[in-house]
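Novice: Given next are the chains, with one letter for each unit.
6 protein chains.
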Amino acid sequence: MIVTLKISGKFFDDENPTNLEIIKKSVLSLLNSGHRVAIVTGGGGTARKYINLGRKAGIKEAHLDLLGIWASRLNAYLVAFYLGDLAYSKVPESLEEFIEKWGYGKVVVTGGFQPGQSTATVASLVSEATNSDLLVLATNVDGVYDKDPRKFSEARLLSRLSTIELKKILELTQSVNAGTYELLDPLAIKIIERSKIKVLVVNFKNLDKLLDIITGNISIGSLVLPV
Amino acid sequence: MIVTLKISGKFFDDENPTNLEIIKKSVLSLLNSGHRVAIVTGGGGTARKYINLGRKAGIKEAHLDLLGIWASRLNAYLVAFYLGDLAYSKVPESLEEFIEKWGYGKVVVTGGFQPGQSTATVASLVSEATNSDLLVLATNVDGVYDKDPRKFSEARLLSRLSTIELKKILELTQSVNAGTYELLDPLAIKIIERSKIKVLVVNFKNLDKLLDIITGNISIGSLVLPV
Amino acid sequence: MIVTLKISGKFFDDENPTNLEIIKKSVLSLLNSGHRVAIVTGGGGTARKYINLGRKAGIKEAHLDLLGIWASRLNAYLVAFYLGDLAYSKVPESLEEFIEKWGYGKVVVTGGFQPGQSTATVASLVSEATNSDLLVLATNVDGVYDKDPRKFSEARLLSRLSTIELKKILELTQSVNAGTYELLDPLAIKIIERSKIKVLVVNFKNLDKLLDIITGNISIGSLVLPV
Amino acid sequence: MIVTLKISGKFFDDENPTNLEIIKKSVLSLLNSGHRVAIVTGGGGTARKYINLGRKAGIKEAHLDLLGIWASRLNAYLVAFYLGDLAYSKVPESLEEFIEKWGYGKVVVTGGFQPGQSTATVASLVSEATNSDLLVLATNVDGVYDKDPRKFSEARLLSRLSTIELKKILELTQSVNAGTYELLDPLAIKIIERSKIKVLVVNFKNLDKLLDIITGNISIGSLVLPV
Amino acid sequence: MIVTLKISGKFFDDENPTNLEIIKKSVLSLLNSGHRVAIVTGGGGTARKYINLGRKAGIKEAHLDLLGIWASRLNAYLVAFYLGDLAYSKVPESLEEFIEKWGYGKVVVTGGFQPGQSTATVASLVSEATNSDLLVLATNVDGVYDKDPRKFSEARLLSRLSTIELKKILELTQSVNAGTYELLDPLAIKIIERSKIKVLVVNFKNLDKLLDIITGNISIGSLVLPV
Amino acid sequence: MIVTLKISGKFFDDENPTNLEIIKKSVLSLLNSGHRVAIVTGGGGTARKYINLGRKAGIKEAHLDLLGIWASRLNAYLVAFYLGDLAYSKVPESLEEFIEKWGYGKVVVTGGFQPGQSTATVASLVSEATNSDLLVLATNVDGVYDKDPRKFSEARLLSRLSTIELKKILELTQSVNAGTYELLDPLAIKIIERSKIKVLVVNFKNLDKLLDIITGNISIGSLVLPV
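Residue numbers (full-length UniProt numbering), protein chains in the order written: chain A, 1 to 227; chain B, 1 to 227; chain C, 1 to 227; chain D, 1 to 227; chain E, 1 to 227; chain F, 1 to 227.
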């Protein structure tokens with residue numbers, strides 16, 4: 001099985017290495033069971049810091065995006081170096097370079113590719129290019145809810161939903177003003193649908209149970225099925 | 001003034017060099033008046049041929065997109081070599097490489113950058129990265145109509161419209177099934193809006209009048225204003 | 001055994017994937033028997049289209065050659081993507097890059113390297129650099145004839161000949177005006193001779209029997225022995 | 001005149017763009033007077049954050065250095081993007097790449113090059129390769145003192161000193177345990193001496209007066225003369 | 001005017017820099033008169049040393065050629081560094097890279113490109129790609145003779161000849177066994193002919209008079225005209 | 001076990017391939033016992049020739065160092081090509097590239113990385129990045145002596161010493177004027193100490209006994225222990 005693992009940048013903002021250990025434990029369990037793993041890292045606090053500073057200084061959008069991309073690559077290097085021999089030591093700077101390096105058989109860790117593109121889109125492109133069976137979105141909620149759980153106490157976690165359902169929920173729960181799709185933006189969903197990639201939304205804290213989830217031993221998080 | 005010129009791939013399907021001559025004439029007139037020009041080429045019939053063949057053979061979507069991208073780069077090389085000393089001789093393979101080469105002062109001609117991305121999105125990213133004043137979409141219609149001119153004889157060419165109006169029209173006139181946005185897809189519009197780039201939709205045959213259009217001497221095509 | 005397979009560009013002009021399937025079947029049978037395979041693709045109809053268009057437009061010879069090379073690389077990407085995990089996913093752009101990628105153990109597919117050089121020369125350089133035991137020229141005739149079979153009905157297929165004999169035949173059967181050596185140009189023969197590479201000229205349709213030919217089970221095509 | 005400007009990473013830790021403005025003002029005044037400028041940036045707080053996190057996680061020294069180098073490159077991108085057209089948009093990753101890009105005539109901004117090497121050594125190598133007349137070390141003290149000013153109130157700022165004197169002072173004032181040479185490490189001094197590069201140690205806040213200092217109009221900071 | 005200058009590797013075997021000075025003087029005189037210059041260097045004694053050692057050790061032909069190419073690149077770096085700001089500081093490793101760098105406007109110095117290719121062929125490809133008006137072969141004889149001047153005292157220097165005449169003379173005067181064409185091999189002549197490049201064969205010692213020769217003020221060496 | 005092997009450039013000055021054979025024999029014995037090997041080559045006589053010529057011609061220090069680096073890369077290519085399939089065929093040009101290539105599992109052979117850096121420092125960086133258990137310095141003496149053996153007949157070979165002892169001996173035995181540390185310069189020792197790398201100084205002629213030395217079967221040369 002091939003698994004693409006998208007890790008939100010916020011998990012690298014911590015000062016202690018617990019999160020790195022969770023990632024490694026999860027990756028090792030997958031590799032040891034014969035699966036292959038690709039990892040996509042977000043930019044997190046470092047990205048935010050440089051983008052904010054750059055915006056105040058009047059740097060334009062495309063270049064602000066590039067600062068965020070370089071920050072996400074810094075996180076990717078952190079993960080790649082921590083994984084050591086398990087991973088390819090160079091962070092690819094485009095999907096074509098990713099595909100090339102993926103051919104060597106190791107874990108490949110990547111940050112962003114180019115301006116105007118969310119980490120979720122990068123993760124869906126990587127899933128598609130690696131022919132992944134599953135795209136895992138490690139986030140800080142337990143999965144996809146039918147309503148925004150921060151506003152509605154009766155919100156219910158959906159253990160299974162289609163991309164069509166997901167799109168409806170995202171339209172309702174995400175602030176249009178914010179302009180940021182926290183889970184999957186339309187382009188990411190489009191790629192997932194065209195290549196029929198399953199998506200698992202799971203709490204980062206549960207990443208160490210990933211092998212059990214994949215093998216169907218336990219059911220945690222939300223599974224999104226492409227239509 | 002900085003101008004990004006997107007040329008649909010179909011204009012390279014012809015067996016005679018008239019279209020190349022139109023492009024060069026247009027570029028030369030802009031350069032001679034002190035403007036800078038970036039060019040984005042589509043894949044056209046060559047892309048279609050390889051994608052069709054690859055799809056029949058069972059090649060996956062991400063790699064089919066790459067075949068289309070390499071075809072668009074072939075068109076870009078054709079234009080770059082035809083422009084000779086006016087243009088940078090290497091076709092960039094990512095936005096970062098584009099930005100780097102753009103710094104040398106010459107015309108830079110590029111094809112696609114990566115899978116899951118329309119030529120229109122590439123053109124809007126290039127417009128943004130070059131800080132373009134205008135993105136010119138050279139197409140085979142005379143501009144944007146209020147209705148699909150192929151279906152409604154009373155369709156009226158709009159000489160000026162906002163991106164909001166454009167989005168409404170695109171939703172109505174473009175076949176949802178086809179899944180292809182001939183002019184601008186949502187991501188392209190989003191980039192245009194965030195960086196406030198003006199877009200001129202113009203018939204390819206009128207490209208040689210581009211300098212006159214830009215300087216306001218004549219009014220041809222449709223001008224789309226970002227909101 | 002190491003085999004370099006040169007495939008004329010015309011086999012990619014077809015609209016259906018039969019030829020790709022023949023190539024894959026042939027490659028798979030070789031790999032499964034423990035052999036290694038390098039593939040060199042010609043530019044075919046796509047190359048011709050761009051070269052013709054470029055020539056009419058006044059583009060110079062070196063750059064026309066580059067257009068043909070990029071077309072041959074498009075064919076190489078088609079083959080590499082179709083072979084999937086069996087092949088290295090990036091098409092090398094020089095012999096040095098080829099050698100580097102060859103070290104990874106997979107099939108490497110390459111198009112042309114540089115202007116002023118036939119695909120046959122590329123294939124002979126690749127044969128030499130990979131230390132190939134055999135260079136297979138897949139073509140649309142059944143082998144080398146003592147006379148031009150299109151003109152002389154009594155022309156006889158030679159199942160075995162030396163490079164000296166080949167040179168004599170090429171001088172006689174190939175139109176000097178055309179300036180194109182369909183099989184092997186002098187530089188290609190020189191390289192074959194200096195590194196003592198055997199050459200098999202075989203009909204593309206018989207490529208799926210390549211393993212049997214190599215192992216000596218059947219005798220098809222013409223074997224050219226370097227002197 | 002050619003000037004290499006080394007900017008300590010701490011000047012990028014601020015949340016507001018004042019420091020970027022000081023750098024730009026200084027660079028612009030130099031360029032407008034016909035000088036050329038190379039910039040070397042340190043890693044600052046971002047480097048420290050990733051190195052600390054990586055060290056806790058057990059990543060080895062060479063790779064910790066690489067994390068610091070990538071952080072310094074992030075700072076370099078920030079400066080390069082802020083300088084816009086004045087600077088080359090790509091941050092070089094080795095001295096050879098730096099030299100190549102320097103040939104294009106623009107400001108080149110670089111972070112670190114490789115493990116085991118201080119930013120000061122990078123700056124001295126860049127000074128040497130660009131044939132710089134002056135290496136400016138922008139720091140948070142006013143120059144070189146005869147004693148550690150943090151410990152001795154009678155410490156006196158030296159407006160002029162030789163590299164031999166500097167070495168003696170560094171041995172006395174810098175903590176051996178710390179193992180970090182804040183100004184110039186022995187290798188940096190060796191390079192400065194072999195290529196006879198003058199060094200100006202100046203308070204970052206005074207960078208905007210750099211042109212006046214260089215032209216001898218005012219005397220601020222400490223000038224270190226190679227012997 | 002654009003001039004490609006091929007300098008035999010033997011001129012770098014000397015222990016003193018006189019030959020470098022001749023090259024620089026010649027290049028400077030051309031640049032100062034508004035001409036552009038490309039330089040191709042041979043491998044000389046360094047190439048011979050490594051090829052001999054490698055051959056004794058059993059290294060194969062393609063890789064021996066690569067050793068010779070790297071030696072010629074060392075000579076190219078020597079010339080490029082000596083020319084300083086006049087030249088691009090990186091030696092291109094393929095014709096495509098050469099073309100790209102040539103676009104920046106400086107002198108580009110290159111060694112060999114790939115195995116199986118003489119320096120003369122490299123020089124003719126460079127002449128073609130740069131659209132050179134003249135290819136200058138700086139050698140240790142005074143030009144082309146009607147007979148081998150080392151054997152026949154009555155041999156006459158030809159001040160003007162066609163490529164057809166040259167081919168005849170080369171066939172007669174050059175040892176077939178040696179297998180090395182000292183001036184121009186068949187592929188080099190083919191390229192010269194197809195792109196109509198004039199060739200000047202001149203004694204290296206007279207390179208400093210090159211501007212006078214080009215402008216027709218004096219007549220030295222042999223001018224070979226393509227047919 | 002991982003072993004980094006530093007081979008002084010002088011061992012490539014010989015006209016016969018004996019030294020190459022010693023290297024291959026040594027490498028093969030290590031690989032066959034399951035160890036991994038990295039090789040760093042010096043520039044030797046070729047470096048000296050180009051540096052001398054360049055210095056007479058007035059080329060600056062940074063660029064003279066680059067000529068020496070390119071000469072050391074030529075030696076690295078010689079070794080890599082001679083090792084054939086055992087080694088990666090491309091010589092890395094920076095530590096980051098080295099690390100990337102090292103991930104593929106083969107022997108990686110490298111020359112110098114950048115100006116201002118001894119081959120010993122390169123070797124210590126490579127040892128650190130590969131997490132080597134041992135750095136072997138193959139030289140033309142039998143090990144480290146307590147006094148300079150060329151001056152004092154009573155000089156005694158030290159079979160074991162600490163880096164502190166080594167530093168004292170180097171200060172005494174090496175000519176300060178010369179400015180060259182034949183064994184290990186201060187930066188190299190600093191890296192060895194921070195990453196706790198053991199160093200074996202051994203006569204090049206004994207390289208073929210390396211496996212026996214490593215496994216403790218015989219004791220030859222001097223073992224330097226980091227403190």
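Heads up, a few of these hints could be off.
As the list makes no split between identical chains, a pair holds if one copy fits it or if it spans any two.
[To be verified] Taking lysine-lysine and the DSS-like style, the derived pairs with C-alpha atoms no more than 30 Å apart in a straight line are:
| # | residue 1 | residue 2 |
| --- | --- | --- |
| 1 | Lys60 | Lys147 |
| 2 | Lys60 | Lys106 |
| 3 | Lys196 | Lys147 |
| 4 | Lys168 | Lys56 |
| 5 | Lys151 | Lys25 |
| 6 | Lys60 | Lys168 |
| 7 | Lys151 | Lys90 |
| 8 | Lys209 | Lys49 |
| 9 | Lys25 | Lys60 |
| 10 | Lys90 | Lys147 |
| 11 | Lys90 | Lys190 |
| 12 | Lys60 | Lys205 |
| 13 | Lys60 | Lys190 |
| 14 | Lys56 | Lys190 |
| 15 | Lys209 | Lys56 |
| 16 | Lys167 | Lys106 |
| 17 | Lys49 | Lys168 |
| 18 | Lys190 | Lys168 |
| 19 | Lys60 | Lys24 |
| 20 | Lys106 | Lys151 |
| 21 | Lys24 | Lys56 |
Hints are computed from structural coordinates only; laboratory data are not their basis.
Quantities reported herein were computed from a predicted structural model and do not represent experimental measurements.
Novice: For every hint, state whether the structure bears it out.
Specialist: Structure-based check of each hint:
In this assembly of identical chains, the alpha carbons of lysine 60 and lysine 147 never lie at most 30 Å apart, being 35 Å within a copy and 35 Å across copies at closest. When the C-alpha separation of lysine 60 and lysine 106 is checked against a cutoff of 30 Å, the pair qualifies only between copies, where the shortest distance is 20 Å, while the shortest distance within a copy is 36 Å. In the homo-oligomer, the alpha carbons of lysine 196 and lysine 147 lie at most 30 Å apart inside one protomer (25 Å), although the nearest pairing across protomers, at 34 Å, exceeds that limit. Within a single copy, lysine 168 and lysine 56 get their C-alpha atoms no closer than 35 Å, and across copies no closer than 34 Å, so neither meets the 30 Å cut-off.
Proximity of lysine 151 to lysine 25 under the C-alpha cut-off of 30 Å is found in neither arrangement, the shortest distances being 34 Å within a copy and 48 Å between copies. Only between protomers do lysine 60 and lysine 168 lie at most 30 Å apart by alpha-carbon distance; the minimum there is 28 Å, versus 32 Å within a single protomer. Taking the shortest Cα distances, lysine 151 and lysine 90 never come within 30 Å of each other, neither inside one copy (42 Å) nor across copies (45 Å). For a Cα distance limit of 30 Å, the shortest separation of lysine 209 from lysine 49 across copies, 29 Å, qualifies, whereas the shortest one inside one copy, 32 Å, does not.
Taking the shortest Cα distances, lysine 25 and lysine 60 sit within 30 Å of each other only across copies (19 Å), while inside one copy they are farther apart (40 Å). With identical chains, the CA atoms of lysine 90 and lysine 147 are never at most 30 Å apart, being 40 Å at best within one copy and 44 Å at best between copies. For a Cα distance limit of 30 Å, the shortest separation of lysine 90 from lysine 190 qualifies both inside one copy, at 29 Å, and across copies, at 26 Å. Taking the closest pair of Cα atoms, lysine 60 and lysine 205 come within 30 Å of each other only across two copies (26 Å); inside a single copy the shortest separation is 36 Å, beyond that limit.
In this homomeric assembly, lysine 60 and lysine 190 come within 30 Å of each other (Cα to Cα) both inside a single copy, at 28 Å, and across copies, at 15 Å. When the C-alpha separation of lysine 56 and lysine 190 is checked against a cutoff of 30 Å, the pair qualifies only between copies, where the shortest distance is 22 Å, while the shortest distance within a copy is 34 Å. Taking the closest pair of Cα atoms, lysine 209 and lysine 56 come within 30 Å of each other only across two copies (24 Å); inside a single copy the shortest separation is 42 Å, beyond that limit. For a Cα distance limit of 30 Å, the shortest separation of lysine 167 from lysine 106 qualifies neither inside one copy, at 34 Å, nor across copies, at 41 Å.
In this assembly of identical chains, lysine 49 and lysine 168 lie within 30 Å of each other by CA distance neither inside one copy nor across copies; the values are 32 Å within and 37 Å between. Within a single copy, lysine 190 and lysine 168 get their C-alpha atoms as close as 14 Å, and across copies as close as 20 Å, so both meet the 30 Å cut-off. Proximity of lysine 60 to lysine 24 under the C-alpha cut-off of 30 Å is restricted to the inter-copy arrangement: shortest distance 16 Å between copies versus 36 Å within a copy. Taking the closest pair of Cα atoms, lysine 106 and lysine 151 never come within 30 Å of each other, the shortest separation being 42 Å inside a single copy and 53 Å across copies.
For a Cα distance limit of 30 Å, the shortest separation of lysine 24 from lysine 56 across copies, 15 Å, qualifies, whereas the shortest one inside one copy, 37 Å, does not.
Hint compliance for this structure: hints 1, 4, 5, 7, 10, 16, 17, 20 are not met, and every other hint is.
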